[in-house]
Amino acid sequence: MTIEASRLFDVGLMTLLVLCALAVVRTKDLLAAAIIFSAYSLVMCLVWDHRGAPDVAMTEAAVGAGVTTVLFLLAIGKTVRREK
Amino acid sequence: MKKALIIALLAVAAIPLLAAMASMPRFGSPEQPAYTHVASRYLQKGAEEAGADNVVTGVILNYRGFDTNGEVTVIFTACAATAAVLVTSGSRKKEKPGEATVPLSPVVGYVVRLLAPFIALFAFYVVLFGEVSPGGGFQGGTIFAALIIILSVVAGRNVAERVLPARVRPWLQIAGPLSFIAVGTLGAVLTGSYLGFPHARGLLATAMLMGIELGIGIGGATVFASIFWRLGDEP
Chain A
21 MTIEASRLFD
31 VGLMTLLVLC
41 ALAVVRTKDL
51 LAAAIIFSAY
61 SLVMCLVWDH
71 RGAPDVAMTE
81 AAVGAGVTTV
91 LFLLAIGKTV
101 RREK
Chain B
535 MKKALIIALL
545 AVAAIPLLAA
555 MASMPRFGSP
565 EQPAYTHVAS
575 RYLQKGAEEA
585 GADNVVTGVI
595 LNYRGFDTNG
605 EVTVIFTACA
615 ATAAVLVTSG
625 SRKKEKPGEA
635 TVPLSPVVGY
645 VVRLLAPFIA
655 LFAFYVVLFG
665 EVSPGGGFQG
675 GTIFAALIII
685 LSVVAGRNVA
695 ERVLPARVRP
705 WLQIAGPLSF
715 IAVGTLGAVL
725 TGSYLGFPHA
735 RGLLATAMLM
745 GIELGIGIGG
755 ATVFASIFWR
765 LGDEP
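Residue numbers (the numbering used here), protein chains in the order written: chain A, 21 to 104; chain B, 535 to 769.
The set of hints was computed from the structure by calculation and includes no laboratory data. Careful: at least some of the hints might be erroneous.
[Stated by the list, open to error] BS3-like, lysine-lysine: derived pairs with alpha carbons at most 25 Å apart: (1) A:104 - B:537; (2) B:537 - A:48; (3) B:579 - A:48; (4) A:48 - A:98.
[Said to hold, decoys possible] Derived, one-sided and incomplete: chain B residues facing chain A with beta-carbon distance under 8 Å: (5) 659; (6) 662; (7) 673; (8) 680; (9) 683; (10) 765.
We put the beta carbon where it would ideally sit given N, CA and C, even for glycine.
Only chain B is shown next, with the shape it has when bound in the complex:
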């Protein structure tokens, strides 16, 4: 009975959705919103206006910079919320430094140790080249966080935590919003509006974009690793 009711309700909800889809322009048609609104301007002038060859980075950090500023703050809030909800004693099972926390095949341990520097290099490449090629701060930061997580599993947390020392970790966690505020204020001084980028394509605009990318990368990586570590703590 309940199931039949749900199916009937879904069917009713599907009718207006399908009707709306039928009234939309066909796939690939020039009438599509993607071709009639701001997108064409982004594609034509994005590279010179936004100061980044990768149009996606230009849109995310320049045209929609304020959006991204909020999103980065949300990521930090997630970290803070995890810390608030999962109150832990801070202690955990005793482990010897350099030893795996779970029983592990020596092949896995060896391969991870062998690949670790290359993964780190790739992460930084993705962060710093987000301006010209696919990628950016968030993607690179997540790759770096994945490296820290796999190191915690293979080599133990004591080794992995040395990458992000506890003393400076709160500052690293908030690196994303902080770099946005710093660059935004710099933009306000230079152009008169928060997060305004100098229009002339030059070293300064690129440096400002890279500053934000680095901040997002370090912040994202630290937030993900911190959430992982906190979930692993003893209650």
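Chain A with its partners taken away, still in its complex shape:
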């Protein structure tokens, strides 16, 4: 991959990250927020891998996108879904 393409990829991922972060904070539906946060983790995973850190990328995918989301969903199931 040329340097320009690599940089363009980075810029695209960073834009997605910022959009996801804003969406997580702004949405009032906690279930939607949990899913968007999972998408954020997946994008972050791509960033780590692209930056040459496959170990961290693996952790991000398994913990950030997987287990944390499941725990969030369980917590929402025990409480309420809408933010006041």
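Please build the complex by placing chain B on the supplied structure of chain A, with the hints as guidance.
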């Protein structure tokens, strides 16, 4: 009014941060701290000194082993804290063994059952090959925990809990810190310092690293699965 105040405060806080960033060496410059401190030694000598081809594993388990020892203890503490806060009766809704806890498409159930052995194999591969390729105990353990969680959803908890029997579960939960203490003490006997690894690259050093990786993997997987199960219990 309140919003304007917050924005003003953030703007004030941003000034020193941006100034500090401007004074940092440029991206890729040889002056960067990443190239001037210990990192270069890790990259040059890490493979032979730390006994692991994957430099990340060498740093985590050997150079910074004491850090990781504390982190593993933190993970166990999280499990203990969950158990202390979420006091449950231990009972839950009656379910038939082998049956999904939620309404589920047969496709999902079939695919999960089909993939389960391969996911388990991949998890153990990631744990055991963390020494030579990306991955390691924590990553592999989390993949295994994800498998147990999806099995609890698809096949019911009775089936999933058989993988981590309740009788030995407390010992599995603390497997991470325990393996660290065991290997650390072995290192103390062999080299005179806690978590010291024999310098000569050999079977013993690799076996010690793998022991820790396995401990972290089993401990992490059990902790995550236990937290998941406890959250699912009836209060």
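Which numbered hints are broken by the structure, listed smallest first? Hint check: 3, 5 and 6 fail, others pass.
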